[in-house]
Every structure is written in structure tokens, then in C-alpha cells.
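Visitor: Spelled out from the first residue to the last, the chains are:
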Amino acid sequence: MTLLRTEALSMHFAGLVAVDAVDLAVEAGSIHALIGPNGAGKTTMFNLISGLMLPTSGRISLDGADITALPAHAHAGMGMARSFQNIRVFASMTVLENVLTGLHSAITAGIAATLLRLPMFRRQEQDAVTRARAALNLVGLAARADDRAAALAYGDQRRLEIARAIAGHPRLLLLDEPAAGMNPAEGAALSDLIRRIRDAGTTVLLVEHDMGFVMRLADRVTVLNFGRRIADGPPANIRRDPSVITAYLGAKVAAKLNAA
Amino acid sequence: MPIWLDDFLWTYQNVVYALGVNGLLGLSMYVVLSVGQLSLGQAAFMGLGAYSSALLTLKLHLPFAIVLPASTIAPVLFALAIGTPTLRLSGVYLAIATIGLGEVLRAAYLNIDYVGGALGISGIPERAGVVSIYSLLILALLGFWLIGRSAIGRAMEAIREDEVAAATMGVNVARYRLGALLTSAVLAGLAGALSAHVSSFIGPNEYGFEPAVTILSYALLGGIGSPFAPVIGAWILTLLPEMLRGFADLRLVFNGVIIVLAVLYLPNGILPWTMRRRAA
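Chains as they are written, first to last, in my numbering: chain A, 1 to 260; chain B, 261 to 540.
Source of the hints: derived by calculation from the structure; they are not laboratory data.
Remember, predicted model here, so these are calculated numbers, not experimental data.
Among the clues, some could well be false.
Going by beta-carbon spacing under 10 Å, a handful of chain B positions derived as facing chain A [unchecked claim]: (1) G389; (2) S392; (3) I412.
Under 7 Å between C-beta atoms, here's a sample of chain B residues computed to sit facing chain A [claimed, not checked]: (4) A425; (5) N515; (6) I518.
The following residues of chain A were derived to be distant from chain B, with all beta-carbon distances above 10 Å [to be verified]: (7) L52; (8) A72; (9) Q85; (10) G102; (11) Q124; (12) N137; (13) R144.
For every residue, glycine included, the Cβ atom is placed at its ideal position computed from N, Cα and C.
Using the sequences and the accompanying hints, generate a full structural model.
Guide: Written out as C-alpha cells, the structure is:
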């Protein structure tokens with residue numbers, strides 16, 4: 001079953017075509033990687049899928065429902081969550097409060113229920129705290145729950161972003177360069193974490209530069225270059241695809257590799 | 261009431277009223293800043309509350325129990341008109357639009373004879389007092405305390421920190437901002453009605469740019485880590501001029517210096533303590 005699908009998705013910034021008629025199909029229950037050289041349009045794809053930008057043309061659907069023009073804040077309620085390439089934790093809040101914010105759309109208590117501290121409000125807050133602590137446990141930050149997010153080290157802030165994104169058990173999780181700035185050991189731990197998230201029922205779409213990381217982790221890889229999709233398939237095929245090698249290494253080196 | 265308290269209130273009654281009213285104004289600033297917006301319309305909203313309530317009392321002879329809640333209507337309508345277009349944008353559009361609102365209203369009060377023109381409105385009966393002012397202040401503080409420690413409070417803090425990330429969490433940023441502006445208009449309108457009904461006179465120049473900046477400085481000095489901070493800021497800036505009476509015209513200079521010093525050396529205000537954002 002296809003969970004996320006984009007059809008002929010395009011995004012133009014004035015004269016620049018950042019995303020050019022890209023078809024993408026992400027299977028439910030898979031780990032799908034979106035790769036490509038710098039400027040290939042990966043992050044723009046993420047911004048389109050998560051509703052931060054409105055595409056110039058094309059269509060995006062989640063589980064069959066058209067979400068092309070859905071405003072950003074409505075995506076969480078549809079079961080979509082994301083992390084950012086440049087970390088965007090809420091620095092002044094505690095680690096636990098950050099993750100609780102990720103559960104915003106799971107809390108329906110309105111102003112009256114909040115002011116009156118109705119049983120419904122108390123129950124939802126307690127449920128949220130339980131789920132937030134579970135997410136922190138999963139990423140290994142449970143001990144830091146009451147620290148300010150600003151006090152966390154870089155790698156821990158990345159894990160906090162993931163905890164915040166998965167707390168609500170999204171159907172689809174978008175991870176924008178989750179392994180950036182991590183050493184090999186941290187990268188391996190992150191791979192484990194992403195597999196566990198997938199095994200818990202969340203489909204993962206990730207953008208990543210680290211080829212080794214992607215090839216070991218992804219079930220399927222889509223390659224973009226200059227906004228166009230140039231390859232799509234299992235990692236083993238992508239690794240041998242001549243157009244991918246050319247895109248990454250340039251035509252000269254690719255020709256030399258072929259000759260050798 | 262014990263005699264000493266009665267004496268004290270009699271002597272310092274204007275200061276006691278001002279502390280309560282300015283506390284409400286500090287909170288009306290706080291709620292807008294809490295969602296990362298800058299408004300300079302607090303004085304304008306206060307003026308709308310003051311003028312509309314004074315007219316309801318003097319021309320329609322309505323009881324204060326009706327006048328007080330009704331004083332929020334005009335500020336809320338103006339906040340809706342200004343907030344709906346500007347809050348969809350990020351940046352300083354709200355601040356610019358609210359400065360404009362203050363000046364337009366000042367010119368309107370000056371030129372409309374029905375509201376007294378340059379002479380303002382005098383002879384407003386003293387219908388408000390310590391009880392009405394301070395019970396509203398306490399209710400507002402309690403309300404912000406309860407809201408702050410909930411998903412709504414977390415969403416507001418999230419918007420202030422990073423509106424893109426907040427939206428991704430499912431927070432409807434535009435709705436929250438408009439809600440905050442309307443709440444601030446309600447509080448400022450109430451503060452205007454209360455102050456009009458303890459001071460007996462209101463004039464067009466009481467609600468211009470200068471008081472707008474003073475109200476902003478309440479929150480700048482106090483901070484916005486909790487609802488108590490802007491109230492403390494308001495109290496300091498209300499009491500200080502009383503103690504500096506000798507400086508007369510230089511009092512405004514003091515306000516300016518305090519704002520500059522607060523921004524430079526106390527970026528989180530005099531009460532930097534941040535409240536918890538959860539109930540459990």
C-alpha cells in the first residue's frame with residue numbers, strides 16, 4: 001500500500017525550478033530515502049509535503065487523501081510529523097515540554113476545559129505526559145526530561161527533535177538529515193532508532209547525505225538531481241545506476257569508473 | 261475595614277487604583293508578546309474601553325455591571341479589524357498597524373464633539389474601585405496561570421520561539437495570534453473602563469503613542485516568563501514616578517532609560533523565572 005504519493009510535483013522560485021514534476025511513492029511500513037547532491041530539491045520536497053510551501057503544480061496525497069493545499073498545522077492531525085535539517089527545538093522549554101508540544105494535536109481540551117481544570121483536561125494532560133516520557137525513553141533522553149532543551153548537546157537536540165516528532169505515533173515521519181554531524185557510533189545508534197520507529201508502525205521518509213547510512217538503512221531510495229527524479233529503486237540498484245554515479249561524481253569520473 | 265487601611269487607601273487611592281489598572285495593562289501586553297507579536301495598540305484599546313464605557317454611563321445611564329463588560333466590545337472589534345489581515349503575516353505589521361490605530365483614534369476623539377473633542381469627557385461617576393479593579397487583576401492572573409500550564413500555554417511559547425516548528429506540531433499559528441490579540445484588547449478595554457470610572461475625567465491625549473510605549477515597557481522591564489512578571493514591571497514603573505515626583509518632566513526620560521537598561525542588561529526582565537508549561 002502506498003502511504004504517501006506525489007504526482008508531477010513541481011515548485012518554481014521565480015525562474016528557478018527547485019522541484020520538477022517529481023513522482024514519489026512511499027510504501028507504508030518502509031524506510032524510504034530521498035537523496036541527491038546539494039541543491040537537488042530534497043528539502044523543498046519536504047517543505048512541500050509538510051505543507052510549509054504550496055507547490056506550483058502537482059498533487060500530494062496521504063493514504064489516498066489529497067493534502068496538496070493543506071495548511072502546515074493541519075498535517076499533524078493527518079498523522080504526519082517531521083524534523084528539520086537545522087535543529088528547531090524550543091530552546092526555552094524543558095525537554096519534556098518540547099515533546100508535549102509535539103502532542104499538540106492529540107489534546108482537544110479547549111479554553112474552558114483548561115481554565116476549569118475539567119477531568120477531561122487532566123486526563124489528556126496526563127496521557128500526553130505518559131506518551132511523551134515513552135518517546136523520550138525510546139530515544140534515550142528520559143533522564144534529561146526536566147532540563148532546558150537549550151542545555152542539551154547537539155546530538156541530543158537532534159534526538160529530542162525525533163522524540164517530539166514521534167510522540168504522537170505519526171503514520172508518516174519525515175526526517176531531514178537526521179545523521180548530520182554525527183560520528184559513526186551515533187549514526188549506527190540512529191539507524192537502530194529509525195528501524196525501531198518503523199517497526200512500531202511509522203513509515204519513515206528521510207533525506208540524508210551520508211550514503212553509507214542510507215544504503216544500510218533504506219528499503220527504497222529515490223534520487224533527485226536539479227529537481228528531477230533520476231532514479232528510484234532498492235539501494236542495491238541505486239548504487240549501480242550510472243545516472244546516479246554521474247550525478248554525484250560528474251560525467252568524467254563516472255566514465256573512468258566504467259572504463260576501469 | 262480597619263481604620264488604618266481606610267486612611268491608607270484614602271491617602272494613596274489614586275496610586276492604588278493605578279497599580280491595579282496598570283497591572284491589567286501589563287497583562288494585556290504580556291499576552292501579545294507571549295505569541296511573539298509586538299503591538300503598540302494597548303493604549304488605543306484602553307482608550308476605546310474608556311470612551312465607550314464613559315458614554316454608556318453618561319449618555320445611556322447604564323449600570324456599571326453592564327458598562328464594564330460592554331467596554332470590551334469596541335476594543336475587540338477594532339482588534340479583529342486590525343489583527344485579521346496583519347497576523348497572517350510575520351514581522352512587525354501588527355506593531356505598525358496598531359501605532360496607526362492609536363493616532364487615528366486620537367484624531368477622532370479630538371474632532372468629534374459628541375465625545376467631548378479636545379476637552380474630553382468629564383464628570384464620569386466613580387463606579388469602579390479597589391474591589392472591581394483587583395478582583396479582575398487576580399482573575400486575569402489566575403486565568404493566565406492556568407492557561408500557561410496547558411497545551412495552550414505550550415503552543416503559545418512554541419509560536420514565540422519558532423512559528424514554523426510550532427505549525428509543524430499542529431499549532432494553528434494565525435488563530436492563536438488573533439486569540440491573543442483579542443484577549444489583550446479585552447483586558448485593555450476593561451482597564452480603560454475601570455480607570456475612567458475612578459478618575460472622573462478622560463481626554464484624547466491619554467491614549468496616544470506615549471502611553472502605548474509605557475505599557476510596552478511594563479512587560480519589557482518585568483519580563484514574560486510568567487504572568488506575574490509584567491505586573492511587577494507595571495508596579496515598578498507606576499511607583500517609581502511617584503517616588504521621583506521631584507524630577508517632574510524628566511520622568512519620561514527615566515522611563516526611557518529603564519527600557520534601554522532592561523533591554524541591554526535584563527533581556528528576560530526583572531523576573532526571569534519561567535513558569536512550567538504543564539499541569540501534571
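Visitor: Give me the numbers of the hints this structure contradicts, sorted from smallest to largest.
Guide: Hints 1, 2, 5, 6, 7, 8, 10, 11 contradicted; others consistent.
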